[in-house]
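Trainee: Quick note, the sequences are listed as chains A and B, same order. To convert, count from 1 in the first sequence and add 853; that's my numbering. Letter 71 of the second sequence, counting from 1, is numbered 68 in my numbering, and no numbers are missing.
Not one of these hints is a red herring.
DEER-style ranges, computed between Cβ atoms: (1) B:Met44 <-> A:Ala977: 57 to 63 Å; (2) B:Ser59 <-> A:Val891: 39 to 45 Å; (3) B:Ala73 <-> A:Leu875: 53 to 59 Å; (4) A:Thr860 <-> B:Gly22: 37 to 43 Å; (5) A:Asp865 <-> B:Glu55: 57 to 63 Å.
The hints are simulated quantities; they were obtained by calculation from the structure and are not laboratory data. On a predicted model such as this, the values are computed, not experimentally measured, just so you know. Every residue, glycine too, gets a C-beta built ideally from N, C-alpha and C.
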Amino acid sequence: MTAKPLTERLDDIANLTGIPALTTRPPKRRPLRGLALVALVLGTVGMAVTLFGGRVLLIGDGILLAGFVLSGWLPLMGPIKPWMSFTERVDELDAQIRAKAYLTALPIILFAAVCGLVGLPVLAWLQHRPPAEMVALGGFAAMYLLILWNAVPTLHASWRHQPVEELDD
Amino acid sequence: MLYNRIALFRAERGISRKALAEAVGVNPQTIGYLERGDYKPSLELAMKIAAEFEVAIEHLFSFTPFEPVAAVLRRAGDAA
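Sequences are here, hints too, so could you generate the full structure?
Mentor: Structural data, given as structure tokens:
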């Protein structure tokens, strides 16, 4: 029995996750309202907990990270199709759903970003937080914005458009 | 509000949503949303659907509700 080269073994490990298989066929897209809501709630709660700082900073980070991991699945299997796809057709309806979802999400993300840009320095100034903690809070805020980027458009698309029965009449 | 008779024409010609979607280059879900009135098609898509059914576009789409088929048939029966 010949030993597999390292690169082949790494390929096998990657294939075990099932993720490469997702690229070979169009994904089955679902509304994913619940998952998007859970990701958003976890992200918001996590971000709020990190703002207290000190000992709860890492607890908040853990909750935020859980929300981030969940939100990562939303673009892959949610109702919004990507701008460029080699496996699925993105027609005019999909483009409209996507455009309206991001038009709704971007002002919300902008508002959150401005709150962070203003609020974090004010927090550091008022409470004399250590610089390392403020750097960490900046990173957590960026993660929260990414959660918003994934979750808010998905929520808009899934609530705005009731899915049509796929079974033909 | 834009009304359409896509479902009626599909049923008359025995075309499935999937077949119509393939013919006009969209997803079957899009045909479903169109028939439900949840989506207004672009002019290009509307014309493609009309061309597929070989009818004028105003026979397929209208700003006013289409007359029910039963009423049309009753009127035709009365006239005959």
